[in-house]
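Between the sequences and the hints, there should be enough to build the whole structure, so can you do that?
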Amino acid sequence: MSVLVNKNSKVVVQGFTGKEGTFHASQMIEYGTHIIGGVTPGKGGQSHLGLPVFNTVADSVKEAAANVSVIFVPPAFASDAIMEAADAGIGVIICITEGIPTADMIRVKEYLTDKDCRLVGPNCPGVITPDEAKVGIMPGFIHKKGSIGIVSRSGTLTYEAVEQLTKIGLGQTTALGIGGDPIIGTQTRDAVELFMNDPETKGIVMIGEIGGNMEADAAYWIRDHGTKPVVSFIAGATAPKGRTMGHAGAIIGGKSDTAEAKKAILRECGIHVVDSPADIGKKMKEVLG
Amino acid sequence: MNLHEYQGKSILKKFGVAVPLGFVAESPEKARELAKEIMDETGMGKFAVKAQIHAGGRGKGGGVKIAKTLDEVQEYAGQILGMQLVTPQTGPEGKKVRKILIEQNIFYPGESEPEEYYMSILLNRDKGRNMIMYSPRGGMNIEQVAEETPEQIFTEVIDPKVGLQAFQCRKLAFNLGLSGEAFKNMVKFVNALYKAYVGSDASLFEINPVMKTSDHKIYAADAKVVVDNNALYRHPDIEEMRDVYEEDPIEVEASRYDLSYVKLDGNVGCMVNGAGLAMATMDIIKLSGANPANFLDVGGTASAKRVEEAFRIIMKDSNVEAILVNIFGGIVRCDLVAQGVVDAYHNIGEINVPIIVRLQGTNAVEGKELIDKSGLKVHSAILLEDAARLVAEVL
Chain A
1 MSVLVNKNSK VVVQGFTGKE GTFHASQMIE YGTHIIGGVT PGKGGQSHLG LPVFNTVADS
61 VKEAAANVSV IFVPPAFASD AIMEAADAGI GVIICITEGI PTADMIRVKE YLTDKDCRLV
121 GPNCPGVITP DEAKVGIMPG FIHKKGSIGI VSRSGTLTYE AVEQLTKIGL GQTTALGIGG
181 DPIIGTQTRD AVELFMNDPE TKGIVMIGEI GGNMEADAAY WIRDHGTKPV VSFIAGATAP
241 KGRTMGHAGA IIGGKSDTAE AKKAILRECG IHVVDSPADI GKKMKEVLG
Chain B
1001 MNLHEYQGKS ILKKFGVAVP LGFVAESPEK ARELAKEIMD ETGMGKFAVK AQIHAGGRGK
1061 GGGVKIAKTL DEVQEYAGQI LGMQLVTPQT GPEGKKVRKI LIEQNIFYPG ESEPEEYYMS
1121 ILLNRDKGRN MIMYSPRGGM NIEQVAEETP EQIFTEVIDP KVGLQAFQCR KLAFNLGLSG
1181 EAFKNMVKFV NALYKAYVGS DASLFEINPV MKTSDHKIYA ADAKVVVDNN ALYRHPDIEE
1241 MRDVYEEDPI EVEASRYDLS YVKLDGNVGC MVNGAGLAMA TMDIIKLSGA NPANFLDVGG
1301 TASAKRVEEA FRIIMKDSNV EAILVNIFGG IVRCDLVAQG VVDAYHNIGE INVPIIVRLQ
1361 GTNAVEGKEL IDKSGLKVHS AILLEDAARL VAEVL
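Heads up: the protein sequence lines correspond to chains A and B, in order.
Mapped onto our numbering, the consecutive letters of the first sequence carry residue numbers 1 to 289.
Mapped onto our numbering, the consecutive letters of the second sequence carry residue numbers 1001 to 1395.
If you are wondering where the hints come from, they were derived from the structure by calculation, not from laboratory data.
The structure presented is a predicted model; accordingly, all values stated were derived computationally and were not measured.
What you were told as hints is all true, and nothing was included just to trick you.
Below, in silico cross-link-like pairs of lysine-lysine (BS3-like), each with a Cα-Cα straight-line distance of 25 Å or less:
(1) B:Lys1161 x A:Lys115
(2) A:Lys255 x B:Lys1060
(3) A:Lys241 x B:Lys1127
(4) B:Lys1195 x A:Lys109
(5) A:Lys241 x B:Lys1316
(6) B:Lys1036 x B:Lys1065
One-sided excerpt, in silico: chain B residues whose CB lies under 7 Å from chain A:
(7) Asp1126
(8) Pro1160
(9) Ser1260
(10) Asn1273
(11) Ala1280
(12) Met1282
(13) Lys1286
(14) Gly1330
(15) Leu1384
Don't be surprised by glycine CBs; every beta carbon is placed ideally from N, CA and C.
Pasting the structure below:
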């Protein structure tokens, strides 16, 4: 078992023939992900990387039964791409694109409320279920099939946690990068719920950062409904107030945005918080006994 | 991107939000001339002279004055222009004032008392929707209001399907205790303000205070406007308003190389790929007993060239006593980053602070070998905990 993506995922790549799309599609194919082809409007009927190109996401669903989409479309057109995938009936939409205007994402969020789909991202590394499907830009080789679910707002910091869990022999069920923007689809709490309900997942690593209430929201849910140990690191204890730290969503506005405030809430809710990102793997091993 | 008050007000005005008549000046003589124009147009002889810097609390530092005559306008303009203005938000070194805004004074006597309110528009992240936050307690720090009288802060969340509705504007005006002419003007004001927010792709409007004049007019007396960087591509006119004088010179240079850099006041510089890992690396520096000198994300395509540019940027900060490079190679190959470190060492010449390079992921072992064999005074590590230990050791 795993969450969101697995060996049965049929992945369509939006922005398939662009530079990013081409590079990462080949990496995903090499990893063994079942890529059914891609979408580039106006290039339908052509072939790219030995796979069919479709004009619309709807065509890729009709002709190749696509059920997962991964988006590499430039920021100005990415919100449209997400809505197109939702309209076509794609169940899991993973948007890698960084730099989408917030106003566009407000519209997307509204549009998705009555659609039967789950958005991951934007501005995220994607989702990987080791040995089954890599849908995103993460380096596949550091992952190892195992028992820990990871949810994170960051890319390379997720890789850091993955590496530690692999080295210590725990491995991952699925690693889920939810993205660093102020408005994202799947939230920390949604991801935690998915992992709590996944029988293969024995423990959860929750990586957060300054800005917003997502980690606190997840922590209260864990306190009330959690059944598995959760280890957490919150980045940005040294970040100054009012400055955007790379991720558009990583900004301390008020007191509840700080790493310290978040850690305090997490600890109260019974989550194993580590102060150093170097201790994530060790801590998980320790709490699993 | 942050805007000056006068720039923010020019956007408000474009969308029909009432702002006091005002002009921006860079010399005392020009300030006097512009004040004369205001006097001719409004028939009023009192003016606000306001320093234009990117920081709040300007009045507290002597950057805002009320002039009662044209002579006073010139005198105050002379005092404020060129001053190093220190406010609670600038830090002890302050900010140099290069421009001032001369405005008609809207605190004039009349049939009712002038009133001040607070109003801001921003994203409610939990709901994924914009909201208007407002309070009858204007003209003061809203965080203080939130602490003392949280019941005096109201919010109105806007449904993106239909936008701001008339009933919401009415509710707001009633909550502020308005009636009659002022009520009508406030409804109009809020409507226009929200249009301006959406129309300029702003991420924050803070109007503190919103003024009700003695003759029931509603004005944006101040304007803090922040525009969504990701949306600037569709607002070239706003993008032109960027004032690099307001930014740290090292940050300006870093942005030229597309490096995401934030200057901090610690002693250990760092260079990391990815924003989350960069913040985590800063935290590790702190845990090792030192303080981070910066945030620096070299991005997903950290080539040898970019690594060298990043080194130059970090070295411009004279407080830096050591540098920690932390790269998790995914698409980025660690051996290429290692080559960048070696090149930077040779090309920059005088790097006389210890460097710790932690490489992990793709080709990490090859990268570490390259560094170890280079004969340079660079400490290399593969595990994050080793890197943390090395930081503590070299200092």
